Amino acid sequence: MTCYSRGVRRGRILAIKWGMNPNSSSLGVDVTFLLVGATVLAAVTPVIGALLRWRRPATLEPAAAPAAPPERVEPA
Amino acid sequence: MTIAGALGRLAVRGVDTALAALERVRRERANPPRRARLERFGAIVQLTVPRALVFVDRALARRVVAAGRAAADPPIWAQPETAIGDAPLSAPLEAHLQLTNRCDAGCRGCYTGASPEGARGEWGLAEWTRAIDELADAGVFHVALGGGESAVLPWLGELADHARRRGIVPNLTTSGLAGLDRLLAIAGRFGQINVSLDGLGATYARVRGFDGFARADAAIRALRRVKREVGINVVVTRDNFAELDGLFAYAAQRRLSEVELLRFKPAGRGARAYAELRCSDAQHRAFLPAVLAAARRHAVRVVVDCSYTPMLAHHRPDRALLAELAVYGCTGGDFLVGAKPGGQLTACSFAAPPPVASDAARPRITELRSYWDAPDAFGAFRRWRDAREPCASCEYHALCRGGCKVVSAHVTGELAAPDPECPRVVDRAAARSDRVHLRVLDSR
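Here the protein sequences come in this chain order: A and B. Counting from 1, position 45 in the first sequence corresponds to residue 45 in the working numbering; the numbering is continuous, with no gaps. Counting from 1, position 54 in the second sequence corresponds to residue 54 in the working numbering; the numbering is continuous, with no gaps.
Next up, chain A with everything else stripped away, as it sits in the complex (with noise of 0.2 Å):
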């Protein structure tokens, strides 16, 4: 897929595995993409790459949730 190399090796997106799978007894791929070939494919993953360094670095855990709101006390 797209080499993002330029000199200094910029490092590639292997794969994209687009949407998610609410199948829950096989595991879903979206072949929307054989429709329009490679090229679009091509065209896309630049942007997907532009987006994964544009973000702040990924956690590996999930970022903790923020606290739900205390509850309002009325008062007496």
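Treat the hints as calculated values from the structure; they're not laboratory data. In this text the structure is predicted, and so the values were computed from the model without any measurement. By construction, the Cβ of each residue, glycine as well, lies at the ideal position given by its N, Cα and C atoms. It is possible that some hints are incorrect.
Here are some chain B residues the structure puts well away from chain A; computed CB gaps all over 12 Å [said to hold, decoys possible]: (1) Leu22; (2) Leu184; (3) Arg206; (4) Gly212; (5) Arg428; (6) Ala431; (7) Ser433.
Some chain A residues near chain B, calculated using beta-carbon distances under 7 Å [stated by the list, open to error]: (8) Arg12; (9) Gly19; (10) Met20; (11) Pro22; (12) Asn23; (13) Asp30; (14) Phe33; (15) Val36; (16) Val40; (17) Pro46; (18) Val47; (19) Ile48.
Assemble the complex: chain A is given as a structure, and chain B must be docked to it using the hints.
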């Protein structure tokens, strides 16, 4: 279809996608999903918008994953860098949890053999919560919850909430035939909900053995009113194959986010109905062009299950493109695992639990991490490289991995046999049969 009509449909789809993305961002700000996991080849990074798991090599992982930026490489990178598929992943991408085997529908092809009584020893909320904890600790990204009919479980929403809190995105399959009111109230907690719909009108009844289309359709409409990421799962049989285009049209009309096409598997009650319902060889060969044409015509996203990889490979698509789309055949015990209603760990939902270990206990999903690296874990599912012909010489074998082992086991008695419904396997069997006939003729 007119150009204006096609543009209109694409515009509607674009608006739906954008609004779904906005809702997703809002929802996932409250419960951020796991963002990355290191692998031998590099890392897997999760994106929320667009929804994707991105497999990157080590060089890119060093830039985009926090642990990869440390001065010293993480231990998983101590060995030489591999390619995807050279070794099992460090943990599954997703787990398929059969929360219950209770279901009143009684579909004649049900792969779990679900019944109103359910299975013996079904787990409850406490056990499944522990399972979610184990999956989160292992680094799993998504769970697909199913049954039986999971929507009837009073604690389903609580379990989905727990998965979210642990950084796992819960997704759901439902028949839409029971538990709808409860499901509508918790639909927002799921990443994607698909309703099983194996045909329109009378075809639904022909495939499933009872007339449930109106109820399933009503459930789809109700779910779609409260959630954008709703799709349909279609088990493709010889009865509904000709109606695939109509199912895509239905999905477009209901503004559903995807159509997921599933191959009929000979498991549960489906084993008895297999000969009658499975697609013909001609239908398997026509599958890919037919579904791509329907997806294009109706501007609907199409997802196919892993067991269809031999039917995709039959059309000789660009192998690099398939790899870039993470299109793999049997990835049971690698990209995915399953769990039975009593927590028994399986390579996939159709497979029997692994053989009893020396301590006479079958592994449970709560023991995933200790079993994952055990010697010969998942048996034949991980030994797909030991392929015989015609898989051994097939240039798609590294992707296809021999096709669906559950079909192989049912038809040939061997999990490791080449998928007997793969067109290449069918052609080879036919050629061998011709040679035998010729030999018989020669000997006369």
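Evaluated hints:
no. : hint   : result
1   : Leu22  : holds, 16 Å
2   : Leu184 : holds, 16 Å
3   : Arg206 : holds, 21 Å
4   : Gly212 : holds, 19 Å
5   : Arg428 : holds, 25 Å
6   : Ala431 : holds, 28 Å
7   : Ser433 : holds, 31 Å
8   : Arg12  : holds, 5 Å
9   : Gly19  : holds, 5 Å
10  : Met20  : holds, 5 Å
11  : Pro22  : holds, 4 Å
12  : Asn23  : holds, 5 Å
13  : Asp30  : holds, 5 Å
14  : Phe33  : holds, 6 Å
15  : Val36  : violated, 9 Å
16  : Val40  : violated, 10 Å
17  : Pro46  : violated, 12 Å
18  : Val47  : violated, 9 Å
19  : Ile48  : holds, 6 Å
The structure shown violates the earlier hints numbered 15, 16, 17, 18.
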